[in-house]
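**Q** Please build the complex by placing chains B, C, D, E and F on the supplied structure of chain A, with the hints as guidance.
Protein chains in written order, with this note's numbering: chain A, 1 to 241; chain B, 1 to 241; chain C, 1 to 241; chain D, 1 to 241; chain E, 1 to 241; chain F, 1 to 241.
It cannot be assumed that every hint is accurate.
[What the hints assert, rightly or not] BS3-like mimics (lysine-lysine), calculated; alpha carbons at most 27 Å apart, straight line:
hint : chain 1 : residue 1 : chain 2 : residue 2
1    : E       : K25       : D       : K25
2    : B       : K25       : B       : K49
3    : B       : K55       : F       : K109
4    : E       : K55       : A       : K55
5    : D       : K49       : C       : K85
6    : F       : K55       : D       : K49
7    : E       : K85       : D       : K49
These aren't lab readings, by the way, just hints derived from the structure by calculation. Since the structure is predicted, the reported quantities are computational estimates derived from the model, not experimental observations.
6 protein chains.
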Amino acid sequence: MSTPRPSQRQPDQLRDIRFTRNYTKHAEGAVLVECGDTKVICTASVVEKVPAFLKGKNQGWLTAEYGMLPRSTGSRMDREAARGKQSGRTQEIQRLIGRSLRAAVDLDKLGERTLHIDCDVIQADGGTRTASITGAFVAVHDAIGTLLARSLLTESPIRDFVAAISVGIYQGVPVLDLDYLEDSGCDTDMNVVMTGRGGLIEVQGTAEGAAYSRAELNALLDLADSGIRQLVALQKQALGM
Amino acid sequence: MSTPRPSQRQPDQLRDIRFTRNYTKHAEGAVLVECGDTKVICTASVVEKVPAFLKGKNQGWLTAEYGMLPRSTGSRMDREAARGKQSGRTQEIQRLIGRSLRAAVDLDKLGERTLHIDCDVIQADGGTRTASITGAFVAVHDAIGTLLARSLLTESPIRDFVAAISVGIYQGVPVLDLDYLEDSGCDTDMNVVMTGRGGLIEVQGTAEGAAYSRAELNALLDLADSGIRQLVALQKQALGM
Amino acid sequence: MSTPRPSQRQPDQLRDIRFTRNYTKHAEGAVLVECGDTKVICTASVVEKVPAFLKGKNQGWLTAEYGMLPRSTGSRMDREAARGKQSGRTQEIQRLIGRSLRAAVDLDKLGERTLHIDCDVIQADGGTRTASITGAFVAVHDAIGTLLARSLLTESPIRDFVAAISVGIYQGVPVLDLDYLEDSGCDTDMNVVMTGRGGLIEVQGTAEGAAYSRAELNALLDLADSGIRQLVALQKQALGM
Amino acid sequence: MSTPRPSQRQPDQLRDIRFTRNYTKHAEGAVLVECGDTKVICTASVVEKVPAFLKGKNQGWLTAEYGMLPRSTGSRMDREAARGKQSGRTQEIQRLIGRSLRAAVDLDKLGERTLHIDCDVIQADGGTRTASITGAFVAVHDAIGTLLARSLLTESPIRDFVAAISVGIYQGVPVLDLDYLEDSGCDTDMNVVMTGRGGLIEVQGTAEGAAYSRAELNALLDLADSGIRQLVALQKQALGM
Amino acid sequence: MSTPRPSQRQPDQLRDIRFTRNYTKHAEGAVLVECGDTKVICTASVVEKVPAFLKGKNQGWLTAEYGMLPRSTGSRMDREAARGKQSGRTQEIQRLIGRSLRAAVDLDKLGERTLHIDCDVIQADGGTRTASITGAFVAVHDAIGTLLARSLLTESPIRDFVAAISVGIYQGVPVLDLDYLEDSGCDTDMNVVMTGRGGLIEVQGTAEGAAYSRAELNALLDLADSGIRQLVALQKQALGM
Amino acid sequence: MSTPRPSQRQPDQLRDIRFTRNYTKHAEGAVLVECGDTKVICTASVVEKVPAFLKGKNQGWLTAEYGMLPRSTGSRMDREAARGKQSGRTQEIQRLIGRSLRAAVDLDKLGERTLHIDCDVIQADGGTRTASITGAFVAVHDAIGTLLARSLLTESPIRDFVAAISVGIYQGVPVLDLDYLEDSGCDTDMNVVMTGRGGLIEVQGTAEGAAYSRAELNALLDLADSGIRQLVALQKQALGM
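Next comes chain A alone, as it looks inside the complex (with noise of 0.2 Å):
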């Protein structure tokens, strides 16, 4: 089967995917995730409260924060700190991958502490809130694994696999997980988050030009489905599950 992909890859091929866990070692959970050149680091730090709004409430809260390094990219971006404020891209993904791991954990059964998920873009080749997502849940897990470890909580409030993709439509042929070449010269980018037993979580599809129909969304969700049946696969091998 012939592909238009700069990569070589079959249109329904995903990159190479690595999850390193332990990557450094204060966070209760911290997570190198790889996907073909994009690599971040992921960490699921436990803090003992919540935010003021669930004060009293007995249950827990999951919040995210994402950044790139100034060079995790091709030419340097200037620094967020530095400039004294997120960009409106970085509020964007922030928030969608608080609400996709929002989605993986029973709030209610976690106590009240809040799971703060820090996603930092060492370097950068395209899909990096995907794959920020894929690799947070892992380190989410081993979050809750510690809690369960030091007997903090006793059942685990984890309620399904999370993860994402990207998927496009490129030279007219719909593929699955963009690299960076691919995704500046797609027409239609969509990043399709689901859990491990096929639900979705969102689906966020944008017509870069032209618009998209009915039938290439429905080819792009079939692509991105069996993409993340593969990532919650790794994910579990990862996980020694």
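**A** Quick look at chains B, C, D, E and F alone, frame taken from chain A:
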């Protein structure tokens, strides 16, 4: 047909929609859009310059900003100008509005000028972002009309109509055009932006609680499709076309 | 009597003034005030707490914020929320609005709650700060009415009516209620805030070019006095009193 | 004549006023002004460029900034540079200082340069804004003198002297030049800026509690007029004129 | 002995040093320190609370802030309050001042209160940070004296005197107490903070151009040691000890 | 020889040091430096322009930024980009890194371009600022190598090696290369930056509790000197020299 909706509307029934053109006098396009009790002032301002990254490229730009009056909502929100920054939600919405309307306009035919869209919510009852897109299209159309009338353009750069609507699953039933009560209580919430010819521009579906299935996604997209066809018809009517 | 005014109004003639109560549905008081082409949404929100410096003192507070929609003016202004700060002019105006309306309300009788005034200009044609004060008084009156109706107050804390108007010397002639054209071209500009009983609350007179004399000051104050009497009569009429 | 003033001054008596020219060595004009215990360093700096909106118009500009040392007051205030923004009060004052001094200078004769005024309060005891204006005029005069001495100007652009004073109604009696104790306790507070020839530049009168009458306004303006005549005489004496 | 110094001072000669106590009236300690043409107002304010991290620990705190008046320098600098943030240099200096003076005070004996130091440069000619430390020590001594006089303390928490000086290598010669001209032209610049008993508190030596040797470092420290002994003697004299 | 160190290291023993070149793929120089458990990604980015103050002067610039991932530390820190500003500590460190590396590079030979250093701590265990300098030197060397390889430079502007280390007095004993436990418990803490030829670039010694003597200073500098010689040898080895 029975309906679970607090508004007593049928599942596939839009709220009353109204466009008031020339709502204010200074902007090249100025529209008050009302979707039920949601009211947004949408202005399109022509600014005769482009951002730095487009200078000398002989093309135009379109960008959007969004805000809510502090008491457009049930309880008073902080004023973003006083807090000194726009929330992540605000930035996410204004990026969506800008992206959606850029799909409607051929920027190569706009000349080196910027259409600056402002969507300011004066009363909120759910669906402010989709109402903003739908109303802003009419304001853009009027602003282009002004440019044509002043012979600053000889050909309209508008490629197609654009409108947006929210859909969701409320008490198990897919429903169209959520108001605030429905939005707060629904499981899955999706915003859809489409062209007049029925192409998809943007699909953003989020599971608030349980994940959703492909079948549910399809039912929601069908509803959105029918709603947007009605909205485009109303836009045309408002524009006297 | 001949007049030098671009608007053709007599020197002592107000623009058409209109108050639309309950202009939006959420706020305890919500008034659209129109002074000619100047249109301001004034809301008074009841917030059941007081600032830190008043806690436990058994008295209330009233504070005000002011903003202009970016395209309320002839050319688009930057959005203050996007720039990340309010201009000096904005702060000066909102301090004036707050001070003026605090003169209208006996804060000792308000209970430990705050009246939060928001004045948002949707169309500007001169005199936005005085229109804001005049309109906000009606909104405050309605908000107090709401508190009385809900038996949260048993006695009205309103001490007197308050209204405001601008006056200036245009082409050598003292004139009342400057519109934008007159405001831009006038030598001396004065904003006057008075009570229903004719007491002065605030006088702010600025020489834009040449200094002005005591005689001119007196002529301007006479004009303001007559204008404010008319405004208070219109406020009463709008309130059905 | 008996006086209600805590300072034992007569109602129409100024505090001791002192101008120290060349108080610091770098600025083109540098004056320490002392009004009783209120002490302000006023510098006028010549900057050989104008703001963007004046470029190429062959005229100059004058702008002012104001600040208080954190412990210039009875209890320590936050440092505005550390808080990251200037208060509304600060901005209001610096706008007033700038406006007042622009009335003193013919900007068309200044050349394309900016006079940048800085008024920094090192000890506060009421009346810091009026002392700033009165002292800054002397600093501006010295800065113009420097420009003339360096042959950068051949003719002085100074049109007239400018000075400012506060007046108020303290325990029912109109008094001149309020110190902190009087200012805190007075009902009506007015700041008046006038020229050497007796023209009004700015009148800002605020009722702190009860409204005030036209008769009271007139009594206060009479007091201000007499005070400013004395201040201008002292400015001339300090300048050796 | 010949000297290369623009100031004609001998290599080991301090500038004229003067302390004016009670320079302003509100602060518990208020000192104007003059080192040649460098003039800094140093105030020590007693604030009867401690930062959150020290609450309930029965000890005090000392913190410092630093600023320069915009025209304390040869050309006008931006006002940090107007720019909305303190520069890195400012923060570095105020951290140094705080650290240096905390070494002088036994915080366990201070009680739960904060000494808040403010060092504001009104005229700069090199060495503002070291002058600030030397002057602030006298202000702290006075503030402690105030607390003892008011019986808020029964024993002085001051452990030792603290003073600071700059040294550098100018045209190959180690010199003491650099003024602005020397500072701009020197190769190596070192700030030294020492106690009255001769202990080192802080050494900060920076090669501006070429690296420096241990021998040069030692020569500079010898000079600093002699300078600081003189400064401590002058502090004692100013304090009447 | 007995040692008081929690790490069981000898007083003059460095931690294990490792440099991983080309750690990420985009930057012209990209080094992961590990000093025991402290891990910092140091990138050197070539940006083909210079700051405004150097334009047209035919010389280059080098500047540095520093950051810590929120969970690089034992408990999670706030993300500086989210807080909207860099701490004083961060700014102090990045100024030190920039100054230190500018000493290593002849900016006159760099051409009109900027080397932008980013040091991002991914795991912290004491000594992050000195590790940053030592690692960033290797990244700068690689970036210069890239410029030479691309014939953008014909001669290396590197003047000498630069490395940095911390030393301190721990339980009375001078020790080399403090880890977090030692750093928290030590009395005197000094950071030293030196060149390959043994010249001093920067000495920053701070008494945390008691002051320190010249003899102690000398012992610390001896330790630092020996440590930096080893670090330079390791840098050379990593660079294959």
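**Q** Straight-line Cα separation of K85 of chain E and K49 of chain D no greater than 27 Å?
**A** Since the Cα atoms of K85 of chain E and K49 of chain D sit roughly 24 Å apart, the hinted pair holds (cutoff 27 Å).
**Q** Given the hinted pair K55 of chain F and K49 of chain D, is their Cα-Cα distance within 27 Å?
**A** holds, 19 Å
**Q** Sort out whether K109 of chain F lies within 27 Å of K55 of chain B, counting only the CA atoms.
**A** With a Cα-Cα distance of about 33 Å, the restraint between K55 of chain B and K109 of chain F is violated, given a limit of 27 Å.
**Q** K25 of chain B and K49 of chain B were given as a pair; does the straight-line alpha-carbon distance stay at or below 27 Å?
**A** Given pair K25 of chain B, K49 of chain B holds - Cα atoms ~22 Å apart, limit 27 Å.
**Q** Would the hint linking K49 of chain D and K85 of chain C be met if the CA-CA limit is 27 Å?
**A** holds, 26 Å
**Q** Given the hint that K55 of chain E pairs with K55 of chain A, test it: the Cα-Cα distance must not exceed 27 Å.
**A** holds, 23 Å
**Q** Holds or violated: K25 of chain E and K25 of chain D, Cα atoms, limit 27 Å.
**A** holds, 24 Å
The structure does not agree with numbered hint 3 stated previously, though it agrees with all others.
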